[in-house]
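*Asks:* Now for the letters of each chain:
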Amino acid sequence: MAEVIIQNITKTYEKGTVKALDNVSFSVKSGELFGLIGADGAGKSTLFRILTTLLIADSGTATVAGFDVVKEFNEIRKIVGYMPGKFSLYQDLSIEENLNFFATVFGTTVEENYELIREIYVQIEPFKKRLAGQLSGGMKQKLALCCALIHEPKVLFLDEPTTGVDPVSRKEFWEMLERLKERGITIIVSTPYMDEAKLCDRIALIQNSKILDIDTLEGILSKNKQNLFAVSSDKMYQLLKDLRAYPDTISCFAFGQKHHLQLKTNENSLNNLMPYLEQKGHSNIAIKAVSPDIEDTFIKLMQDA
Amino acid sequence: MLSQETVIKTHNLTKTFGDFIAVNAITFEVKAGEIFGFLGANGAGKTTAMRILCGLLSPTSGEASVAGYDVYKENESIKKHIGYMSQKFSLFENLTVKENIEFFGGIYGLSRKEIKEKGNDLIHRLGMEKEAEKLVGSLPLGWKQKISFSTAILHQPKIVFLDEPTGGVDPITRRQFWDMIYEATDSGITVFVTTHYMDEAEYCNRVSIMVDGTISALDTPNNLKHQFETDSMEGVFLKLARQAKRGE
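Residue numbers (UniProt numbering), protein chains in the order written: chain C, 1 to 305; chain B, 1 to 248.
Hints should not be assumed to be uniformly reliable.
As the list claims (entries may be wrong) - So, partial list: chain C residues that the calculated Cβ filter (under 10 Å) puts toward chain B:
no. : residue
1   : T12
2   : K15
3   : A42
4   : I79
5   : P167
6   : L199
7   : D201
8   : A230
9   : K258
10  : Q262
No lab work stands behind these hints, which were simulated from the structure alone.
Glycine residues also receive a C-beta, built at the ideal position from the N, C-alpha and C atoms.
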């Protein structure tokens, strides 16, 4: 069953001159961990605000747990948890006071739903008297997640919870989400980090107000038929420039230790590459066929759009 | 171009806040023309160290010089000879592209004539002739990043500090940004950069990783991978950052 259904949602700002969402449609199944992946400014936060009933779309409809986001906004507010991208708790209340406040607003108590937040809360509990405004980034993030969970929501919306967070803390955060998912909570999470796609059941790639593709990660990758090679040499920056100047190159981008080179599929495009690079003065050249990953695919979809 | 000239030099650099040792006796050097990656988990002490090196914060003990100037006595001179860009703040959203360039050019001490020449050249190079009179707030993030980096090096500083410059940008813009970094180093500017993207750590000449206030590792990406017996910088980072004892 679909827990969240979005149909032809369009939203503009500045009297219609800035398009934030352009005819966006997709649905999220009950119990799914769904990732909305795209850069800042793609439209992710706007979609979250519409689904959490904080913003009204220009056109289109959406439902959350069967309730219409416009007509039944009151019902939705009772059953969703929302963690905005910008820290939005009360800075002049302590950890404990913030949590109690949110529990009370939703007509419950911290004790009643403690089990749900226990694992996260124990990490910040030693500082429960500290004002939220004085917490570090990671602790704020944990408190915000606790506050979003304290009324045991059916659907959890997390807007860029891992932006600016180091790789170790990001890993821990996703492990927490995995366990919340096991409790049956539907989770929609947005992120600019492409590598987090592999942690989601399904993902939507979003860029410039439009959905580029929606599927499982494997499904999205399997559609990408790029003729792709990982290339390296002793002079990586020069190599990037030389690869881009190669006549059979479609595109070439740096990918960590290697450059990813997309070649035209004509017969000699690969055969001529090694002699070309040698003639350009490169040494220790390595060329290897690779399957496209999520960033290759996102880049390709951006260029096709 | 790598040379033997040293642009940053620290020796036992330490900063404490009360009984908390944010930066604990770090010693390292950055050579002219180098791309130096400054990595570490949240709370490891990166920001504090960077603020000292930018002349914004005085250390508790130890020594450090940046662009030849002492961090204790000559911090005002440091500010004039470095560029700085962060993702959080770098441009005024309610000024136009041109006004931002004029403002930062002025801050960095360029003459009106220089600002005009370099500013026009910059707008032309970025292909932003049409956007020059637009408010920065109305531009896509990727463009802001480019303008922001370009204004940070408008005065041709010896070194530019980049604090998570690519956070939240799309994969193409992220790579275009690194193209700009390479171009800058080609023109002799030293780049000191923090990032949470481990593929970007691979683009640095050398990388340091801070854990609990100290520098736990410092070498080329290849040597680090070899040393920690892993095939990626992410592997190196995870091995080191997991040893961290202190929370954020």
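*Asks:* Each of the hints needs a verdict: does it hold here or not?
*Replies:* The hints, checked one at a time:
{"no.": "1", "hint": "T12", "in the structure": "violated (14 Å)"}
{"no.": "2", "hint": "K15", "in the structure": "violated (13 Å)"}
{"no.": "3", "hint": "A42", "in the structure": "holds (8 Å)"}
{"no.": "4", "hint": "I79", "in the structure": "violated (29 Å)"}
{"no.": "5", "hint": "P167", "in the structure": "holds (6 Å)"}
{"no.": "6", "hint": "L199", "in the structure": "violated (14 Å)"}
{"no.": "7", "hint": "D201", "in the structure": "violated (22 Å)"}
{"no.": "8", "hint": "A230", "in the structure": "violated (12 Å)"}
{"no.": "9", "hint": "K258", "in the structure": "holds (9 Å)"}
{"no.": "10", "hint": "Q262", "in the structure": "violated (13 Å)"}
Hint check: violations occur at hints 1, 2, 4, 6, 7, 8 and 10; the rest are consistent with the structure.
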